[in-house]
Amino acid sequence: MELRLLLRPALTTTAASTRHLLCRGHKTTARTKRSLKIAPHDSFLPDRSVHVSESSDSIIYNPPASEASPAHTPFLFLPREDPRRRALRELRTLGGADTTGHGAVTLPPALRWRQNPPKYHLDENALVEMRRLRAEDPIKWSVGHIAKKFDCSPIFVSMVAPAPPGHIAWLKDKLARKMARWGPTKMQAWEDRKRRAEMLYRGEL
Numbered sequence: 167m168e169l170r171l172l173l174r175p176a177l178t179t180t181a182a183s184t185r186h187l188l189c190r191g192h193k194t195t196a197r198t199k200r201s202l203k204i205a206p207h208d209s210f211l212p213d214r215s216v217h218v219s220e221s222s223d224s225i226i227y228n229p230p231a232s233e234a235s236p237a238h239t240p241f242l243f244l245p246r247e248d249p250r251r252r253a254l255r256e257l258r259t260l261g262g263a264d265t266t267g268h269g270a271v272t273l274p275p276a277l278r279w280r281q282n283p284p285k286y287h288l289d290e291n292a293l294v295e296m297r298r299l300r301a302e303d304p305i306k307w308s309v310g311h312i313a314k315k316f317d318c319s320p321i322f323v324s325m326v327a328p329a330p331p332g333h334i335a336w337l338k339d340k341l342a343r344k345m346a347r348w349g350p351t352k353m354q355a356w357e358d359r360k361r362r363a364e365m366l367y368r369g370e371l
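In this note's numbering, each residue's number is its place in the sequence shown (first place is 1) plus 166.
Derived by calculation from the structure, the hints in this document are not laboratory data.
Glycine residues also receive a C-beta, built at the ideal position from the N, C-alpha and C atoms.
Hints are not guaranteed to be accurate.
[To be verified] Pairs of lysine-lysine residues, derived as DSBU-like cross-links and limited to a Cα-Cα distance of at most 35 Å, are as follows:
1. K360 - K338
2. K344 - K285
3. K314 - K344
[To be verified] Label-pair distances were calculated between CB atoms; the ranges are:
4. D317 - K340: 53 to 59 Å
5. L202 - L277: 49 to 55 Å
6. R250 - P283: 35 to 41 Å
7. T272 - K344: 17 to 23 Å
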């Protein structure tokens, strides 16, 4: 009798811990699916006003919100015998575009970008000096430095005083060594940027 009384708390604790381990929480799959089960939208449900036998063969028409409307067909896609072509042509002739416009709108202010007027202050001696500096030390006397010294545009400097061939080869070799240290991600980004620039020059973007 005394042994049974001593073992009863241990048996009760073991049963309670076993019951606590076997209980299911909210993180189980069944509870999650049940909580995420949302009723469908009314547009997907069958029409209640139609008889069941008739609605079994019906089609649920639920177009997306971005679908083009037949009422907004462009003028170029209208057939020649369509009366809408004649109506649109008459509106354009009678000045209907003015009545359908936005009226008095407030436009943003004009861009105030500084436009430097052309300067014709360089003579033959200045051009000779530019070529001499460019050939003497192309690293020190870059295009930007020469343009700042003679107060002209860098494009003009590159036209009248191009870099010597050895400097161009050195720049290409420096770029090749720099690109050799690039990883695959940076190389792919550089190729994509170059491809986008070519597409922009061809008018594809």
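Hint check results:
1. K360 - K338: holds, 17 Å
2. K344 - K285: violated, 39 Å
3. K314 - K344: Roughly 28 Å separates the two Cα atoms, so the pair holds.
4. D317 - K340: 53 to 59 Å: Check failed, 29 Å falls outside 53 to 59 Å.
5. L202 - L277: 49 to 55 Å: Hint holds: Cβ distance 53 Å, inside 49 to 55 Å.
6. R250 - P283: 35 to 41 Å: violated, 52 Å
7. T272 - K344: 17 to 23 Å: violated, 49 Å
Figure legend: structure checked against the earlier numbered hints; hints not met, in rising order: 2, 4, 6, 7.
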